[in-house]
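Please build the complete structure, drawing on both the sequences and the hints.
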Amino acid sequence: MSTPWGTYALTRFPEDPRDRLRAWDASDAYLLRHLAASGTPLDGTVVVVGDRWGALTTALAGHRPTQIVDSFLGREATRANLARNGADPDATGLLTTRDTPPSRIDVLLVRIPKSLALLEDQLHRLAPAVHEGTVIVGTGMVKEIHTSTLTLFERILGPTRTSLAEQKARLIFCTPDPALDRGANPWPYRYRLPDGIGSPSGRTVTNHAGVFCADRLDIGTRFFLGQLPRGTGAARIVDLGCGNGVVGLAAALDNPGAEVLFVDESYQAVASAETTYRENASGAARFEVGDGLAGVPAGSVDLVLNNPPFHSHQAMTDATAWRMFTGARRALRPGGELWVVGNRHLGYHLKLRRLFGNSELVASDAKFVVLRAVKKR
Numbered sequence: 001m002s003t004p005w006g007t008y009a010l011t012r013f014p015e016d017p018r019d020r021l022r023a024w025d026a027s028d029a030y031l032l033r034h035l036a037a038s039g040t041p042l043d044g045t046v047v048v049v050g051d052r053w054g055a056l057t058t059a060l061a062g063h064r065p066t067q068i069v070d071s072f073l074g075r076e077a078t079r080a081n082l083a084r085n086g087a088d089p090d091a092t093g094l095l096t097t098r099d100t101p102p103s104r105i106d107v108l109l110v111r112i113p114k115s116l117a118l119l120e121d122q123l124h125r126l127a128p129a130v131h132e133g134t135v136i137v138g139t140g141m142v143k144e145i146h147t148s149t150l151t152l153f154e155r156i157l158g159p160t161r162t163s164l165a166e167q168k169a170r171l172i173f174c175t176p177d178p179a180l181d182r183g184a185n186p187w188p189y190r191y192r193l194p195d196g197i198g199s200p201s202g203r204t205v206t207n208h209a210g211v212f213c214a215d216r217l218d219i220g221t222r223f224f225l226g227q228l229p230r231g232t233g234a235a236r237i238v239d240l241g242c243g244n245g246v247v248g249l250a251a252a253l254d255n256p257g258a259e260v261l262f263v264d265e266s267y268q269a270v271a272s273a274e275t276t277y278r279e280n281a282s283g284a285a286r287f288e289v290g291d292g293l294a295g296v297p298a299g300s301v302d303l304v305l306n307n308p309p310f311h312s313h314q315a316m317t318d319a320t321a322w323r324m325f326t327g328a329r330r331a332l333r334p335g336g337e338l339w340v341v342g343n344r345h346l347g348y349h350l351k352l353r354r355l356f357g358n359s360e361l362v363a364s365d366a367k368f369v370v371l372r373a374v375k376k377r
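In terms of my numbering, the numbers along the sequence shown are unbroken and rise by one, the last being 377.
It should be emphasised that the hints constitute simulated quantities derived from the structure, not laboratory data. Keep in mind that the hints are not guaranteed to be accurate.
[To be verified] Here are the simulated DSSO-like cross-link-like pairs (lysine-lysine), alpha carbons at most 27 Å apart as the crow flies:
| hint | residue 1 | residue 2 |
| --- | --- | --- |
| 1 | Lys168 | Lys143 |
| 2 | Lys114 | Lys143 |
| 3 | Lys351 | Lys367 |
| 4 | Lys376 | Lys351 |
| 5 | Lys367 | Lys114 |
| 6 | Lys168 | Lys114 |
Quantities reported herein were computed from a predicted structural model and do not represent experimental measurements.
If you want it as structure tokens, here you go:
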């Protein structure tokens with residue numbers, strides 16, 4: 001990525017030589033060009049929100065920015081990109097969306113997230129640190145910036161306008177109004193699960209902003225809940241890509257005595273899962289943010305339950321599902337099982353057969369399939 005501060009070699013995390021997706025896009029480059037051309041002072045507290053793979057943080061490393069992200073993978077990419085380009089990772093503040101933000105912000109740079117809810121939550125959390133002199137610039141591809149996006153900036157931070165588009169990217173300029181009555185932050189959101197879905201029926205779910213299907217039970221998870229194995233005698237169960245933790249909660253309620261590990265790469269998701277579990281169950285459970293099952297000892301798990309995503313930011317890909325399946329096979333003991341729900345057209349059965357040597361169709365409907373794979377050895 002070429003910028004007014006130099007050229008940077010950037011990669012996503014985990015690195016994959018077969019991955020042709022870049023770790024930056026035109027909106028990152030547009031924002032950096034604007035900062036240099038406008039002479040924006042960067043000697044105060046600079047906060048970069050939603051920097052997907054660390055491109056902005058790496059380019060601005062000399063100004064000791066504080067990065068705030070929800071993605072574990074994005075945070076690890078930032079660490080790697082800083083080191084790769086000769087910057088000191090310890091000179092940059094790397095915070096998550098669950099951490100307390102800086103108390104004063106002089107320059108606020110916002111990479112517009114896919115989730116409008118996450119943007120709303122983060123603007124609410126950051127607003128108290130913004131003052132009249134704060135420079136606020138958002139950036140995103142044209143397809144990512146909508147009227148609702150601008151409305152959030154207007155309602156929470158102050159008057160907002162946009163730039164002309166360049167290379168299908170656009171900037172957002174916001175003039176802070178500290179006296180603005182922005183109202184209360186509506187996140188996290190809580191809702192009651194419907195009846196007829198097994199052991200979690202009628203229980204309350206907590207969703208922090210940005211977690212998939214924040215206000216209702218999604219139809220894929222609902223179908224999966226109706227097919228989950230019960231009373232398996234499994235000692236260790238993993239809810240892989242746990243989201244708000246409903247699947248792992250069901251597994252815990254249906255398998256008393258089992259330890260359940262909830263893992264996701266989203267800090268917001270794991271926080272949601274922990275609250276959901278603590279309010280509805282009392283058994284042994286662990287909650288980890290990470291890259292799938294990379295940190296789980298090989299051969300230590302009896303059952304993995306997985307509803308894999310098939311997109312990474314704006315890109316449609318099966319790379320995440322493949323990493324999840326590979327990690328599950330390594331973590332499972334011989335005889336351990338991986339249960340997966342997915343859209344019929346994704347062809348997960350072919351991947352499972354290739355990896356496990358077997359794949360059983362447990363159930364299907366017009367849209368989803370539930371598959372079971374057993375680790376033979």
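message: Could you work out which of the previously given hints the structure breaks and list their numbers from low to high?
response: Going through the list in order, the structure violates no hint and respects every one.
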